[in-house]
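Student: Here is what each chain is made of, one letter per residue.
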Amino acid sequence: MATRTIGEGVSLTRRKSFSETYIGGWIMTIDHKKIGIMYMITAFFFFLIGGTEALLVRTQLAVPDGKVLTAEIYNQVFTMHGTTMIFLFVMPMLTGFGNYVVPLMIGARDMAFPRLNAFGYWVVLFGGMFLSISFLFGQAPNAGWFNYAPLNELTTGCGATAVTCTPGLNTDFWALGILMLGVSSIAGSLNFVVTILRLRAPGMTINRMPLFTWMVLVTSFLLLFALPSVTAASILLLLDRHIGTHFFQAGAGGDPLLWQHLFWSFGHPEVYILILPAFGMISDILPVFSRKPIFGYTFVAWSGVAIGFLSFTVWAHHMFAVGLPLVAQAFFATSTTLIAIPTAVKVFNWIATIYGGKVRFTASMLFAVGFIAMFLIGGLNGVALAVVPFDYQVTDTYFVVSHLHYVLFGGTVFAVFGGIFYWFPKMSGRLLNERLGKAQFWLMLIGVNLTFFPMHILGLLGMPRRVYTYAGNLGWNDLNLMATIGAFIIAVSIMLFLWNFVITLRSGEKAGDDPWDAFTLEWDTSSPPKPYNFEVVPTVRSRRPFYDKKNPEIADWKTATH
Amino acid sequence: MRMPKIRGVKRWITIISAILLSSILLAACGENSPSIINPKGPVAAKESGLFWFILVVATIVFVAVEGMLIYSMVRFRERPNAPNPRQIHGNNAIELAWTIAPSIFLFAVLIGTIYTMFNLSNISGQGRTIEIKVVAHQWWWEFDYTNDNIVTADELVVPVGTVIHTTLESENVIHSFWIPQITGKTDVVPGHANDKVFSADTAGTYRGICTEYCGLQHAHMSFEMRALPQAEYVSWLHNQQNAAATPTDPNAVAGEKIFSTSGGCVGCHGIVGVDLKSFSDPAAKLKVGPNLTHFGSRTSIAGLVLMWKPQDCVVVTDSSGNPAIQNPSGCGLYQWLHDPQAVKPGNDMLIGKLSDTQIAQLIAYLESLQ
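Heads up: the sequence lines are chains R and L, in that order. Take the first sequence: its position 43, counted from the start at 1, is 893 in the working numbering, and no numbers get skipped. Take the second sequence: its position 261, counted from the start at 1, is 318 in the working numbering, and no numbers get skipped.
Honestly, the hints are just simulated from the structure, not real lab data. Glycine included, each C-beta is placed from N, C-alpha and C at the ideal position.
If you anchor each label on the Cβ, the simulated ranges turn out as follows:
#1 R:THR1055 - L:THR116: 36 to 46 Å
#2 L:GLU188 - R:VAL913: 34 to 44 Å
#3 L:PRO402 - R:ASP1328: 20 to 30 Å
#4 L:MET125 - R:THR902: 34 to 44 Å
#5 R:GLY1322 - L:PRO402: 17 to 27 Å
So that you can see chain R by itself, here it is in the shape it has in the complex (with noise of 0.2 Å):
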């Protein structure tokens, strides 16, 4: 009952409409902070299954010849972590940095488009729970993530003759799945583009927006781009798998690697777009811990450009060992190369960024430092996969394996650690503990490189990705089980955070609205922030508009010449 004074001695008493009740606040939400915390949690669980998924891998592939999974279950295991942690925890969670961070750090007081953004959310919600539920029916995807023609075919013509490639619901709920989840995507993706380009605080102009902000544009970019792509891709599937259509078909005049073709034009700016983010979460959280500003802001910020245009040019060396012209090989090999050198260049930045600085350890920092030391080596072995006669010999092996690993966990799940140590405090108002935190970078750093730095040599000792079992004479026994050990180091890394996570919320520590001293706005508003997000909205003259209210003197628009 909501009970209301309307005037002296007399009250106004009704039922709670449901939106004013806990659960119905959250569900009917349409607070782009409310709506980012549901995209982090609701990612965090996803990222729960697919580690479970991933670590029953790993015990499969512990010893040769295991006998914990059955061949069929392994691969839908196998095809479900890629699928569940790329579109089900590093797509939501980054978009539910954004959707958190980019309006606060804009001086903005929602998104461009609040019941879209809500719908972008619960879309993602089902979507994900859509994909799960295949495995209640024994039938969850088992094409592999990038599901490839013609194997991701029904029953019959899927290749010169007729036999059997995927029948059953497997591939069906992978397609619908995707086709979901590009709806919110593309949602989500209008959303941003329109947020940073017209709600942007007076001042802010393009060139003073966080890198968080200019990533999160880029990306948002990249997914209206390249979605259309893989939607085509999906529908294309669909049709041939009900009715009776044969795109992929080579005995009925399709070709498979049309397949490839529209896949990884969406799949290859797809990395960037698990990236992207990150780089800019590393970008605004680097300066604060070492107390100056990013080093070469526009190059940090325009090298980003220039990899999300270039990232729509490289799809092809996935598919170097096709049998492509060799011409066409050279062409993909270059553009992979050049590709590497803006990311090298935002790598010097932010060493330097650190140079000269005053590094204060936290664990926020510590990701983020650590997030630089991993991402350089799957930047390095990535190298090594665009050299493509190489890559010839190590593609489709656990080198692949261990590079995407190198990206995605080593790059994108140390930043996004980083971002939540960061950013937790804004979000509930409590730090989150420091030693637990150090504790879990350390154990994490450890179980990654214990983990994925084998997978370079099985790869080199040639050992194939996507097998579910593997004889025990081929010199191949160790290092699984290293990866094995590392991946259980791993998961207590991430209990520890669970851990972290709860009794925070008990009893952390009172965060305070700006608890490092940043220089950003989300920081000057409470934490966390009123609904309105900032009383007055604030008017910007610099990149760092906060460190300029609490350095009046030393200013950056006073010092500082952009």
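Once you've looked at the hints, dock chain L against the given chain R.
Tutor: Just chain L, lined up with the frame of chain R:
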């Protein structure tokens, strides 16, 4: 200067590098591995040469960059009462320098890449090039020696030092043809005529592996490449070109009967001299299983899911006077014939239950197919 924090960092660096180093050492012990850094042919040698080149470049970059990172962290860590650092926003000259520096490294790598790429198939060997049509099945490999009129399964036998030209065909999904010690991979794509050139320069047995995920039993789609000295290869080839020998041993005669009864093994498998007139008999196209004409000369079963040797599969007479395998659990062929679906679930060999006597007779027959 006291540096308590650094000691902690040093300890972790030591531990991590010990782990990394030991993993590399462990790798060196894997002498049975189909290792790409232990090449046995000119194509793989060029590819592994590039690996060492990249490893050197990457190591230099790795040490330099991680070194700068750690140095900056340690050198500029927060000290009590230290003043705020100078607020430096950037420096265009430095930006230019570190845009150009990695470009030089990357350009060097790119030149090496493109040069090697266009020269990879540029190999020469003695004698004529051997043409082999590779057909990828779910989940085994068929090798059709186009000019020599023989067909083998899961065993690719070639002479040392001769150039092999393979054309790659798939009858179903995409597979990938890879022999790590001999050559990198090329996908086997339905509707695309991919090919591959390679040779072996050392006699030996090398593992071939399917490396494109191709469904349920992708894990069990390997093959063996045997590189033989020229003379041995010639005698192997002549033997393979013969029709199957007629069995004499009574168990083998009984085995042949089981094999060739209608509704028996001949429904799926061909043997030249039994149900096929020659390797190029059009009837062979209707057989979904491997050609078994010289099965007795092979040692692998069904994509290397099992191996077998005649000496592990000795046929004896049991107490009731029937033929039996002496040690069934040590005989790969017994396990396969006993229950192929348990060994490799989902494969196309769907057979009724065979008695131990029938299995022993079949094995006696298959062994005779030298």
